[in-house]
Each structure stands twice: as C-alpha cells, then as structure tokens.
Amino acid sequence: MSVSETRKRALGRFLVIAIPFIWLGALFLAPFLIVAKISLSTAAVAIPPYEPLISWAEDGALVLTLHVGNYKLIFSDPVYLIAYASSLRNAAVTVVFTLLLGYPLAYFIATRRENWRAPLLLLVMLPFWTSFLIRIYAWIGILKPNGVINGVLIWLGLIDKPLMILNTNFAVAVGMVYGYLPFMVLPLYAHLEKMDWSLLEAARDLGAKPARVFREVTLPLSAPGIVAGSLLVFIPAVGEYIVPALLGGPDTLTIGATLWNEFFSNRDWPVASTVAVALIALLVAPLLALQHHRAKGVKTMSDKP
Amino acid sequence: MIPAPQDSPWADAAAVPQLRIRNVVKSFDSFAAVDDVSLDIFRGEFFSLLGASGCGKTTLLRMLAGFEFPDRGAVELDGIDLLKLQPYERPVNMMFQSYALFPHMSVAQNIGFGLRSEGLSRDHLEERVANALKLVQLSGFAQRKPNQLSGGQKQRVALARALVKRPKVLLLDEPLSALDKKLREATQFELINIQKQVGVTFIMVTHDQEEAMAMSTRIAVMDKGRVVQVGAPHEIYEYPHSRFVATFIGSINLFEGMAAHGPDGWRVDCAHWGGPLRVAQDLAALDHHQVALGVRPEKIRIAPPDEHLAADNFSDGVVREVAYLGESMLYRVALPSGFLVRVAAPNVGTRFSPGQTVRIGFDAGAGVALDK
Amino acid sequence: MSAGKIVKGMSALALIFLYAPILWIVVYSFNESQLVTVWSRFSTKWYAALLQDEQILRAARISLEVALLSATGATVLGTMVGYALARFGRFPGRTLFSGLVIAILAIPEIIMAISMLLLFVALESATGWPHRDVQTIVMAHITFSTAFVAVVVQTRVSELDVSLEEAAADLGARPLRVFFLVTLPLIAPALLSGWLLAFSLSLDDLVITSFVSGPSSTTLPMVVFSKVRLGLNPEINALGTLIILIVSLVAALSLLRTMFRRRGA
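Protein chains in written order, with the working numbering: chain A, 1 to 305; chain B, 1 to 372; chain C, 1 to 265.
To be clear, the hints were calculated from the coordinates, so they are not data collected in a lab. Idealized CB from N, CA, C, for every residue including glycine. You may find that some hints are simply not true.
Said to hold, decoys possible - Result set (BS3-like, lysine-lysine): computed pairs, CA atoms no more than 25 angstroms apart in a straight line:
| no. | chain 1 | residue 1 | chain 2 | residue 2 |
| --- | --- | --- | --- | --- |
| 1 | C | LYS8 | A | LYS209 |
| 2 | A | LYS194 | C | LYS227 |
| 3 | A | LYS209 | C | LYS5 |
| 4 | B | LYS134 | A | LYS209 |
| 5 | A | LYS194 | C | LYS5 |
| 6 | B | LYS84 | A | LYS209 |
| 7 | B | LYS84 | C | LYS5 |
| 8 | A | LYS37 | A | LYS72 |
Claimed, not checked - Non-contacting residues of chain B with respect to chain A, defined by C-beta distances greater than 10 angstroms in every case (computed):
| no. | residue |
| --- | --- |
| 9 | VAL228 |
| 10 | SER251 |
| 11 | VAL318 |
| 12 | ASP371 |
When you get a sec, could you build the whole thing from the sequences and use the hints?
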C-alpha cells in the first residue's frame with residue numbers, strides 16, 4: 001500500500017469515529033457541564049431564567065458567583081429526599097419483579113427449538129414497538145375503580161365494592177414492571193441462548209436434581225445476564241416519569257415528577273439542575289458497572305472461536 | 001489382537017449381559033433416529049458405537065444417559081429398568097464431547113460435583129476427588145479453572161469427573177475428537193489403561209473407525225438408525241457382513257459377479273476381472289446369487305509382469321496412479337477391462353511407476369463374498 | 001416435569017401480562033360509549049372522530065416528519081459508531097465511545113431532556129440559534145436513537161465473517177468500495193431494523209420531546225399525553241389500535257422474511 005493510500009485510510013477511519021463522536025459529545029456530554037453550571041446558579045425572572053455565573057462587576061472586573069444553596073436545599077428539604085428514596089424503591093421493585101417474570105420467560109424461549117425462538121422473541125418485543133404512552137394509558141382502563149380488574153372481581157363475587165388500585169404505588173409498580181419487562185427479557189435471553197446446555201446435562205448426569213442444577217449451574221452461568229438486565233431496568237427506572245404521572249396517586253413522589261415540575265411549573269431551573277446532577281451522581285456507579293459488564297461480555301464473546 | 005475366550009463373554013451363550021438394549025426406537029419428527037436397535041453389552045467391555053454423523057449413535061448414547069427417551073423398547077442395566085430413572089438417578093455417567101466442564105468451578109469442584117449429592121463426609125469426598133485426580137495424573141491442578149487447562153487436561157478432568165461417581169457404565173461421546181492427532185493416539189492407550197484399572201464398562205461413540213478398532217473389545221457399526229453389524233474389530237474388518245460395513249471400515253475392492261460352484265471349488269464370475277475368481281469361503285448359501293467379492297488392498301500383491309506370482313487369482317494390469325504413504329505404497333491398477341483395483345504394498349522392494357505393466361494377484365482366502 | 005411446568009406457567013403469565021393492555025386498547029376502540037370502561041355496542045365512530053381531529057392530525061404530521069428525519073440521521077451516525085466499535089479494534093477513546101453509547105441507552109430520559117434543553121437555551125441566548133422547534137427535536141432524537149442503531153449495527157457487523165471483507169480487499173477493492181460493495185449489503189437488514197427502531201423510538205418519545213420542543217412543534221405523544229391525563233378517551237384507543245396494527249404488520253413481514261430466508265439457505 002502506498003503512503004498516500006495509508007494516509008487516506010487513516011483519515012477515513014478518523015472521520016468514521018470523529019463525526020459521530022463530535023455529535024454525541026456536543027449533544028450528550030457537553031450539556032452535562034451546562035447542567036452542572038446552572039445547578040450553581042439561582043433562579044431569575046429572565047430568559048433564560050437563571051442568573052449568569054460570570055458577570056461584569058461595576059468596576060469592569062469579572063465576577064464568578066457560585067451558589068451552593070441548591071445543593072443544601074435538596075439535602076435538607078425532605079421532599080427531595082423522599083422523592084429520591086421512592087424513585088430508588090420503585091426501581092428496585094421493578095427490577096425484582098421484571099426478573100421474577102422475565103427469567104422464566106427468557107428461559108422458556110431459549111429452550112424452544114430454534115425455529116420457534118424468533119417468533120416468540122418477536123412476541124415479547126412487539127409491545128415494546130407500540131406506543132409506550134398508550135400502553136401505560138391502557139392500565140388506567142384496566143385498574144380503574146370501574147375498570148376491567150374490578151369488574152371481573154365483582155362479577156366473580158370476590159369483592160362487592162371496587163378496590164382502589166389506580167393512583168397507588170401498586171399501580172405504579174404494575175406499570176413499571178410492564179413497561180420494563182422487555183429490557184429484562186432481552187439480555188437474559190441473550191445470555192441463556194448462548195449457554196452451553198451440555199453443562200446442564202452434565203450436572204444431571206452427575207446426580208444433581210433439577211433444583212440443584214438450577215441453583216449451582218444454570219443460575220451462576222446466567223448471572224451476567226441477570227446483572228445486565230437488572231442494570232438496564234434499574235438505571236432508566238429511577239428517572240421514570242410517564243408511569244407515575246399516569247398511574248400514580250397524589251402521594252407518589254418521584255424524581256421524574258420533581259424534575260418535570262421544577263421545569264414546567266416552578267420554572268426553577270437551577271434547583272432542577274441540582275436535582276438532575278444528584279440523580280446523575282446516583283447513577284454513575286450503576287452506569288460504570290453496566291459499561292464494565294458489557295466490555296467484559298464483548299471480550300468473552302470474542303474469546304470464543 | 002484376537003481376544004482369548006475368557007475375554008469374550010459375548011461368545012458364551014450362558015453369560016449374562018450387564019446392559020440389555022431391546023428393540024429401541026426413537027423418532028424425531030417422523031425421522032427414525034434410532035430404528036429398532038438391540039444390543040447386549042457385558043461387564044468390563046470397551047464397546048464402541050461406530051457410524052457416520054446422523055447414524056443415530058449419539059441418540060442411542062443419550063438415551064442410555066437419560067437425556068432422550070425412546071418411543072419404544074427397553075433398556076435394562078443389571079436387571080434394573082433404566083428407562084424408569086431420571087438422568088440423575090442412573091448409575092451411568094457420561095463424558096461429553098465438549099467435556100461440559102463447569103466454567104465457574106475449579107477442577108476439584110467439578111470432580112466433586114457428582115459426589116456432593118451422595119452425602120459423603122467432607123474428608124471422604126476430598127479423598128475420592130484426590131484419588132480421581134491421581135488416576136488421570138492431574139494432582140497438581142485441583143484449584144485450576146477449566147479455562148486454564150489445555151485440551152488434553154480438560155479431557156482428563158471430564159473423565160475423572162465421570163469416573164469418580166463409580167458408574168456401572170461410562171458413556172463416552174467422541175472423547176478424543178477435540179484433541180489433535182498426536183495427543184489422540186497417546187490418549188487412546190491411556191483410556192484403555194484406565195478402563196482396565198477401574199474395570200468399568202465403557203460405551204464409546206465415535207465416527208473414527210481407526211479409533212474404534214484400536215480401543216474396542218467390540219464395535220457396533222450403525223447406519224441410518226440401525227445396527228448393521230456387531231463384532232470384535234478383527235471380525236468387522238475381516239468378515240464384514242455387507243458392502244456398507246466393508247466400505248465403511250477401511251478400504252476395499254469390490255468385485256461384482258455371480259457366485260457359482262466349479263471343479264476347483266467356489267468361484268465368483270467377475271466381468272471386471274475378466275474371469276472367475278476363486279473363493280475359499282463356502283458359498284453354498286449364495287449359489288447363483290449376485291455377490292461382491294471384497295478384497296482389502298493390502299491382501300493383493302503386486303509384481304513385475306514377468307515374475308511368477310504365487311496366487312490363486314491373478315491378472316495383468318497397468319499402474320495408473322501411485323500414492324506414497326511412507327509406510328506403504330498405494331497403487332491404482334487398471335485391469336484390461338478398465339476396472340481400477342487398489343493395491344497397498346509394503347514400502348520394500350520394487351516400486352512401480354504410472355504406465356508400467358504389472359501383475360497383481362491374491363489368494364482364494366483373501367476375499368469375502370458380500371450379498372448385501 | 002414440575003420445573004418445566006412452572007417455567008411454562010410463568011411464561012404464559014408474562015405473555016398475558018404483556019398483551020392484556022393491548023387487547024383492552026383494541027376492544028374498547030370499537031366501543032360506542034364515550035365512557036371507555038362501559039361497553040355499549042360495536043362502533044367505529046372513534047376512528048372517524050380521530051381522523052377529523054385536527055389537533056391529532058397536525059401532531060401526527062409533525063411526529064412523522066421528525067421520525068423520518070431523525071431515524072435517517074441516526075442510521076447514518078449509528079452505522080458509523082457500530083462499525084467503528086465492531087471493526088476498528090482498540091482505537092484511542094474506544095472505552096469512552098462505547099461508554100457513551102451505553103450511557104445514552106440506559107440513562108433516564110429526563111436527564112437527557114433537561115441537559116439538552118439547557119444546551120439549546122444556552123446556545124440560543126449566546127448565538128441566536130437554534131430556535132426551539134422541529135429542528136431541536138430532530139437533533140435530540142438523532143442523539144438518543146444513534147445509540148440504539150449503533151448497538152444493532154455493532155452486533156450484526158461483529159457476527160459478519162471478516163474474511164468476506166478481507167477477500168474483497170485481497171481482490172483489489174479499496175476500503176470504501178469494500179464497505180459499500182460487501183459490508184453494506186450484508187448489514188442492510190440490520191440497518192433497516194435499526195432505522196425502524198429509531199423511527200419508532202422517535203415517534204414514541206414524550207419526555208425529551210416535551211423539553212426541547214417549541215410552541216409550534218407539538219408532537220403526537222405530547223397531544224396524547226395531554227389528553228390521557230384528563231382520563232380515558234376512546235379516540236386514544238382508536239389511535240393505539242392503528243399503531244398496533246401497523247407495528248404488527250411490519251413485524252409479521254420481517255418475520256416472514258427471516259423465515260423464508262432461512263428456508264432458502
């Protein structure tokens with residue numbers, strides 16, 4: 001290869017990396033700096049509605065005003081702490097129940113004959129491609145006092161007046177599990193499908209009963225899928241807005257709702273930014289775990305012949 | 001090696017087989033993977049199921065382990081109905097083709113896995129694991145993980161893991177296929193030695209006929225779900241029952257013709273040979289049947305055309321191709337009819353070149369007549 | 001076996017759980033009554049109402065425009081990212097690059113929503129650009145969809161036999177020709193499914209869109225959200241049914257295609 005060819009090739013590779021990198025850097029990474037900056041400012045009746053950090057003093061000197069009051073606020077006002085706690089709890093509940101429901105489903109699909117797997121997987125993914133908003137909205141109709149579930153329970157004579165399900169934390173949990181189930185099933189399936197099934201046969205052959213095979217072989221071997229699925233559900237679930245907004249009640253206080261309200265109702269952008277910075281800080285560790293996990297997964301995949 | 005009578009219980013009508021497989025049938029989607037197979041296998045045998053891929057040998061092995069259930073038939077081990085038992089209840093263990101070592105467990109944990117469901121004391125368990133490691137010469141490797149082992153070491157861990165359970169029968173699914181050629185030969189002998197030491201019945205699935213010949217007391221040759229012949233290696237090689245077995249095991253020349261009796265005894269009138277071929281075998285049952293006389297290449301001698309060849313059947317021919325195999329020479333000799341005969345000659349004495357006229361011949365006892 | 005039955009039972013339960021709301025949407029879209037939960041009689045009047053709802057139609061047009069533009073943009077960028085991650089080995093910044101993709105996939109939407117809003121506002125107040133309307137929505141959607149396309153493309157490219165590309169290079173094709181003549185045709189199905197994924201993500205997005213849109217660019221999810229917050233609305237059932245119908249058709253087509261391809265192979 002001639003020198004100019006080599007140089008052209010290197011330039012090509014550089015562009016393929018640089019173009020999307022600049023885009024994602026400018027629209028995804030750089031804004032975090034702005035969020036961090038505004039979190040150190042105070043609200044103002046202006047456009048944009050916050051005080052600049054750097055201003056020109058009367059005598060022409062440059063003045064940098066850093067305001068840490070927002071951070072003090074979110075750590076002292078119980079409203080924020082409750083919102084964080086309930087968002088974390090919602091996300092944890094979602095992880096547990098998507099796992100309980102998703103593991104058997106992923107296992108079932110992974111153990112079907114090969115020509116059945118794609119249609120079954122499609123069946124799981126199909127709702128995911130349909131409007132999330134409208135599917136969550138459907139739960140209003142199902143969980144309402146005069147909705148499907150109460151109707152069936154009354155018709156069966158199990159209850160005589162409707163249960164209050166909608167606008168409770170339970171309804172939020174149902175909606176979250178519903179919305180995030182595919183995110184759990186897909187990584188679990190991907191790991192279970194790659195699993196060497198002769199290992200399970202070997203365990204049975206060596207005298208292990210089904211429960212022991214599951215506990216000592218299937219479960220440890222699918223642990224990476226469980227970790228990946230749990231992180232992929234947990235991280236976005238912490239910031240979920242739509243489900244609590246539609247199915248939650250007045251006592252459902254979440255970070256998503258807090259952020260939304262600070263922006264659209266209170267128009268206190270600096271406080272909202274502070275809440276966002278704290279949320280990002282909370283999610284850095286799980287995000288790094290996910291990245292580490294994925295890098296490891298990719299590596300072991302390429303190790304295989 | 002021809003086994004002494006006490007080593008061949010199958011020849012003894014009064015001997016009781018350890019494992020009886022009776023009329024076993026297994027179909028997948030109307031395709032008969034195993035089609036009416038019956039076999040008797042005796043204690044201490046090294047029994048091979050030999051066949052091409054898709055012949056049903058692995059399905060049969062997996063039915064013995066309990067991973068597949070036959071549609072029909074019976075399997076009995078020491079008088080116990082195996083089919084009533086789950087895989088984890090069967091006194092049978094398997095060595096997997098991929099070895100199936102648990103990647104998240106150490107070598108010692110892998111070997112101890114099967115013992116842990118037996119309720120042994122900790123000391124006793126560790127002792128059994130240590131002995132198993134010693135048996136396969138891996139004593140220093142107890143704490144390694146499978147991915148830190150070479151292919152040969154993995155193979156031995158898999159063997160130790162299955163044997164430590166003291167099974168009545170050990171099933172081996174292509175145990176040597178993942179090893180390279182040199183290691184495979186060494187391991188063949190090691191497996192035979194270990195089998196003799198522990199005295200366990202081995203049933204091995206293989207597609208490699210040389211492997212089956214070298215290791216087995218008996219071989220069952222399978223084709224399309226059926227057992228086409230069972231016998232000791234030399235029986236299968238010297239006296240195949242059918243054209244299929246004759247061509248599947250080793251290389252053979254098939255001279256097609258009509259069996260007939262003449263003044264010199266039995267013969268096969270073969271148009272390709274250009275005359276009668278004398279046969280020592282009694283062909284009374286095949287009189288006037290279309291048969292193939294199978295003759296192994298190494299049983300045919302080759303000489304210069306002017307040299308006297310002391311053989312019952314001989315013909316002139318022209319060397320077409322020569323392959324130099326090191327230990328022997330392989331010739332393809334064209335008969336006057338144009339028929340090509342494979343001749344293997346030890347790599348001593350005269351060598352012949354393509355185009356050379358030669359004389360080839362073999363004795364009446366060298367061939368076997370096949371009607372199937 | 002009992003373990004097998006538990007797995008089957010739980011799977012059936014999970015599938016019922018996934019499809020119950022969809023069934024509810026479809027059934028009640030044909031209910032004549034305004035009260036969505038009370039069944040009166042079969043009617044298609046809500047479809048007629050939907051097709052005359054100017055607000056929804058205008059929002060749908062904007063959403064389609066945004067989805068077409070952003071899916072196309074994301075497919076171009078995502079293909080570059082996915083190809084680089086699958087084929088360029090350990091280039092400097094690779095970890096950051098793949099970390100970016102994962103962060104975008106997983107991070108709560110509302111964080112991206114806020115950060116992009118603040119970016120656009122800061123940019124506008126500093127330079128007068130961009131005005132918040134369709135263009136900011138498209139930019140935001142390209143950003144998150146790129147990550148999804150990248151994962152789809154990366155998976156497909158890493159499954160691809162490198163020797164095909166090497167063979168093309170060996171036969172004298174330059175890198176760009178190799179990509180367009182060999183790689184691209186082979187990963188085309190992944191590009192199509194990446195594009196469709198980006199399209200449906202864009203069409204579906206509420207949170208980010210709400211933050212980065214302007215008064216003149218209200219998208220379909222925004223209208224739907226404002227309507228469903230007020231309670232059940234049979235028009236929304238009709239809209240949901242139409243979306244389900246379209247998605248099912250596309251899915252069925254893709255399934256048939258893969259099944260026929262497999263049979264042919």
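Do the hints match the structure? See the list:
1. For the hint pairing LYS8 of chain C with LYS209 of chain A, the CA-to-CA distance comes to about 19 angstroms; that is within 25 angstroms, so the pair holds.
2. Between the alpha carbons of LYS194 of chain A and LYS227 of chain C the distance comes to roughly 44 angstroms, so the proposed pair goes past 25 angstroms and is violated.
3. Annotation: proposed proximity of LYS209 of chain A to LYS5 of chain C holds, straight-line Cα distance about 16 angstroms (limit 25 angstroms).
4. Between LYS134 of chain B and LYS209 of chain A the CA atoms are separated by roughly 28 angstroms; this puts the pair beyond 25 angstroms, and the hint is violated.
5. At roughly 23 angstroms between alpha-carbon atoms, LYS194 of chain A and LYS5 of chain C fall within 25 angstroms of each other, so this suggested pair holds.
6. With a CA separation close to 15 angstroms, the supplied pair LYS84 of chain B and LYS209 of chain A stays within the 25 angstroms bound.
7. Simply put, LYS84 of chain B and LYS5 of chain C have alpha-carbon atoms about 20 angstroms apart, close enough for the 25 angstroms limit, and the pair holds.
8. Of the supplied pair hints, the one linking LYS37 of chain A and LYS72 of chain A holds, its CA atoms being roughly 16 angstroms apart against a limit of 25 angstroms.
9. Here VAL228 of chain B stays apart from chain A, with its beta-carbon at least about 28 angstroms from theirs, past the 10 angstroms limit.
10. The Cβ of SER251 of chain B lies farther than 10 angstroms from every Cβ of chain A, with a closest approach of about 33 angstroms, so its non-interface assignment holds.
11. Even its closest Cβ contact with chain A, about 48 angstroms, leaves VAL318 of chain B beyond 10 angstroms, as expected for a residue assigned away from the interface.
12. Listed as a non-interface residue, ASP371 of chain B keeps its Cβ farther than 10 angstroms from every Cβ of chain A; the least gap is roughly 42 angstroms.
In terms of the numbered hints stated before, the structure departs from hints 2, 4, listed from lowest to highest.
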